[in-house]
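There are 2 protein chains.
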Amino acid sequence: MHLPAFSDIEDAYVRIAPYIHTTPVLTNSAINKITGAEIFFKCENFQKVGAFKFRGACNAVFSLSDANASKGVGTHSSGNHAAALALAAKLRGIHAYIVMPGNSPQIKKNAVGSYGGIITFCEPTLAARETTLKKVLFESGAIMVHPYNQKEVIAGQGTCALELMQQQNNLDCIVTPVGGGGLLSGSSITARYLNPNIEIIGAEPQGADDAYQSFKSKKLIPSQNPNTIADGLLTSLGSLTFEIISKNVDTIITTPDSSTINAMRLIWERMKIIVEPSSAVALAIILDNKANFKNKKVGVILSGGNVDLNSLPFG
Amino acid sequence: MHLPAFSDIEDAYVRIAPYIHTTPVLTNSAINKITGAEIFFKCENFQKVGAFKFRGACNAVFSLSDANASKGVGTHSSGNHAAALALAAKLRGIHAYIVMPGNSPQIKKNAVGSYGGIITFCEPTLAARETTLKKVLFESGAIMVHPYNQKEVIAGQGTCALELMQQQNNLDCIVTPVGGGGLLSGSSITARYLNPNIEIIGAEPQGADDAYQSFKSKKLIPSQNPNTIADGLLTSLGSLTFEIISKNVDTIITTPDSSTINAMRLIWERMKIIVEPSSAVALAIILDNKANFKNKKVGVILSGGNVDLNSLPFG
Chain V
1 MHLPAFSDIE
11 DAYVRIAPYI
21 HTTPVLTNSA
31 INKITGAEIF
41 FKCENFQKVG
51 AFKFRGACNA
61 VFSLSDANAS
71 KGVGTHSSGN
81 HAAALALAAK
91 LRGIHAYIVM
101 PGNSPQIKKN
111 AVGSYGGIIT
121 FCEPTLAARE
131 TTLKKVLFES
141 GAIMVHPYNQ
151 KEVIAGQGTC
161 ALELMQQQNN
171 LDCIVTPVGG
181 GGLLSGSSIT
191 ARYLNPNIEI
201 IGAEPQGADD
211 AYQSFKSKKL
221 IPSQNPNTIA
231 DGLLTSLGSL
241 TFEIISKNVD
251 TIITTPDSST
261 INAMRLIWER
271 MKIIVEPSSA
281 VALAIILDNK
291 ANFKNKKVGV
301 ILSGGNVDLN
311 SLPFG
Chain A
1 MHLPAFSDIE
11 DAYVRIAPYI
21 HTTPVLTNSA
31 INKITGAEIF
41 FKCENFQKVG
51 AFKFRGACNA
61 VFSLSDANAS
71 KGVGTHSSGN
81 HAAALALAAK
91 LRGIHAYIVM
101 PGNSPQIKKN
111 AVGSYGGIIT
121 FCEPTLAARE
131 TTLKKVLFES
141 GAIMVHPYNQ
151 KEVIAGQGTC
161 ALELMQQQNN
171 LDCIVTPVGG
181 GGLLSGSSIT
191 ARYLNPNIEI
201 IGAEPQGADD
211 AYQSFKSKKL
221 IPSQNPNTIA
231 DGLLTSLGSL
241 TFEIISKNVD
251 TIITTPDSST
261 INAMRLIWER
271 MKIIVEPSSA
281 VALAIILDNK
291 ANFKNKKVGV
301 ILSGGNVDLN
311 SLPFG
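As given, the protein sequences belong to chains V and A, one line each in that order. The end of the first sequence is residue 315 by full-length UniProt numbering, with every number in the run present. The end of the second sequence is residue 315 by full-length UniProt numbering, with every number in the run present.
Accuracy of the hints is not assured; some may be wrong.
Stated by the list, open to error - Using 30 Å as the maximum straight-line C-alpha spacing, the simulated DSSO-like pairs for lysine-lysine come out as follows: (1) A/K33 / V/K290; (2) V/K219 / V/K134; (3) A/K90 / V/K290; (4) A/K33 / V/K109; (5) V/K151 / V/K290.
Said to hold, decoys possible - Some chain A residues judged to face chain V by a derived CB distance under 10 Å, without partners named: (6) A30; (7) S114; (8) I118; (9) I119; (10) T120; (11) W268; (12) E269; (13) R270; (14) M271; (15) G305; (16) L309; (17) G315.
These are calculated hints, taken from the structure and not from any lab test. Ideal Cβ placement from N, Cα and C applies to all residues, glycine included.
Excised from the complex, chain V in its bound form (with noise of 0.2 Å):
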């Protein structure tokens, strides 16, 4: 079986529960009287790295023999996934090799440095990533770990949902942001398994709608120049996420950037928690589409709280 299954999902949580943080759940009764639903947010923004990340690359990390482990783990990225893999990797000893832009952000470099990640810079073209990150792992012999396009990736990623769905245990229905789709594929397959009924709904800014598209016409269709504050959700599906999320998902829904900021704002002010832009495309959604969440109790997934603090879309 090609696709991860829900076992894949629990054996995950079992591999990784003693590197991850059980992230808690918090409901805000300001934003469920603005919302009129009854929204319980999985802060993710709390894992470590400050993302759900950490939960696929530690599935990845952890699911290697020792023989293939030993001589490292690699991958092209610039944001949380790299931050993720150095410290899974760091966590079983053995090295991350990240293949990163150039000009990407300081601040996303000491973190990946931080964990003791081994940065490969190259030039900011993905044909650059791709052909720099070969190049290190034929070097090194280390193994690829997709962002998300990866069995394990998105079998670890699932756990999320699965510890959601434990700690609020009557959810009428999931929202998750979804880039690559990671995060939503795994969910997918863990709250559809564990409630028939549940619906589950995909959050994507209209400036990267490239699941919206593809999952409406029903063939992958990559994003063309994405452009999105959510940093985070500029890529495009890959074969096994879109796969698990045409089976599994019942809509996508898709938010302006300005949705995004002031539902970015709103949890910001009334939560008095950081999520990133990404995070907050799900309460956009919903935000924007109140009448579809009426009175019902919706789990949704903050993915993440890295952001910059000295660039903020505010003001």
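With the hints as your guide, set chain A onto chain V.
What follows is chain A alone, placed relative to chain V:
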């Protein structure tokens, strides 16, 4: 007895328990590593109205007899106390008359208004605030609730340390910010009663160091033209808070705003929670004086999380 005793704090805790949030105590391994201390952050930024002030206001409002409460309560404040009193009054079903300067930030006016507070605007001087409040109290018959220099308010603020020390019962040291001194004095009664050997420290901005000056010289010296980014700590100690602090507190340490901003950034970036500058002052003095806190278990009260996202001190 004109000063609150520990039993008043216990009574306050029973009185306000139905209305307040039990706020979490968070730890952060990165901040522990940086400071060399083991810090337990009591997150009053998650308290109702986003600040510990709700505890004291709530205790004052619910301590009133029905006859006294019937004509409402009043105060002058442009900060968290105003919002706290408005909400406490709303929960008791009575009026709250809030005198605030006309030039207060819109966000503060909105907060008070959203809790049903009846606002009277005045000129932005202490004299105008006091005169206007006197007039409002005279006309309404409402009862004054002082932001800090009042027994019930101090007892209410003391419940925060009580909760913290129940959640984490082996602290070597407790650090709170000090402005008017309600939080520090209340905390000091609780902490000294529960552990005669605990170290109790006040953290104060250098630009508003009246508590430091008063504590050192053993006489009450109000601030002259205080100036600090920690806008919740501009006020000077009152007669009651000064007396309690003189008796219980071990030391008051001041810090420049640059350290406060640095500490605030650290909390935002590492803990992914929003605290206001006044809260960050407590971590700032630990960062400034690492040797004093090395290997100690330190309770830090994060006093509030109300910031104007349009004017942040980063960047």
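Hint check results:
Among the hinted pairs, A/K33 with V/K290 is inconsistent with the structure: their alpha-carbon atoms are about 44 Å apart, more than 30 Å. Taking the CA atoms of V/K219 and V/K134, the gap is near 28 Å; set against the 30 Å cutoff, the hint holds. Straight-line distance between C-alpha atoms of A/K90 and V/K290 comes to about 28 Å, which keeps the hinted pair within the 30 Å bound. Between A/K33 and V/K109 the CA atoms are separated by roughly 20 Å; this keeps the pair inside 30 Å, and the hint holds.
Taking the CA atoms of V/K151 and V/K290, the gap is near 34 Å; set against the 30 Å cutoff, the hint is violated. Hint status for A/A30 relative to chain V: holds, with the closest Cβ pair at about 9 Å, below 10 Å. Hint on A/S114 holds. Least Cβ distance to chain V is approximately 9 Å, under the 10 Å limit. Interface restraint check: A/I118 against chain V, minimum CB-CB distance 21 Å, threshold 10 Å, status violated.
A hinted interface residue such as A/I119 counts as satisfied when its beta carbon comes closer than 10 Å to some beta carbon of chain V; here the least separation is about 20 Å, so the hint is violated. A cut of 10 Å between beta carbons decides the hint on A/T120: the least distance to chain V is about 25 Å, and the hint is violated. The restraint placing A/W268 at the interface with chain V holds, with a minimum CB-CB distance near 6 Å, inside the 10 Å limit. The beta carbon of A/E269 is positioned within 10 Å of a beta carbon in chain V (closest approach about 7 Å), and the interface hint is therefore held.
At about 9 Å, the closest approach between the beta carbon of A/R270 and any beta carbon in chain V falls short of 10 Å, and the interface hint on this residue holds. The closest approach between the C-beta of A/M271 and any C-beta of chain V is roughly 8 Å, which is under the 10 Å cut-off, so the hint is satisfied. The restraint placing A/G305 at the interface with chain V holds, with a minimum CB-CB distance near 4 Å, inside the 10 Å limit. With 10 Å as the threshold, the beta carbon of A/L309 comes within range of chain V, its nearest partner Cβ sitting at about 4 Å, so the hint holds.
With its C-beta approaching chain V no nearer than about 4 Å, A/G315 sits inside the 10 Å limit, and its interface hint holds.
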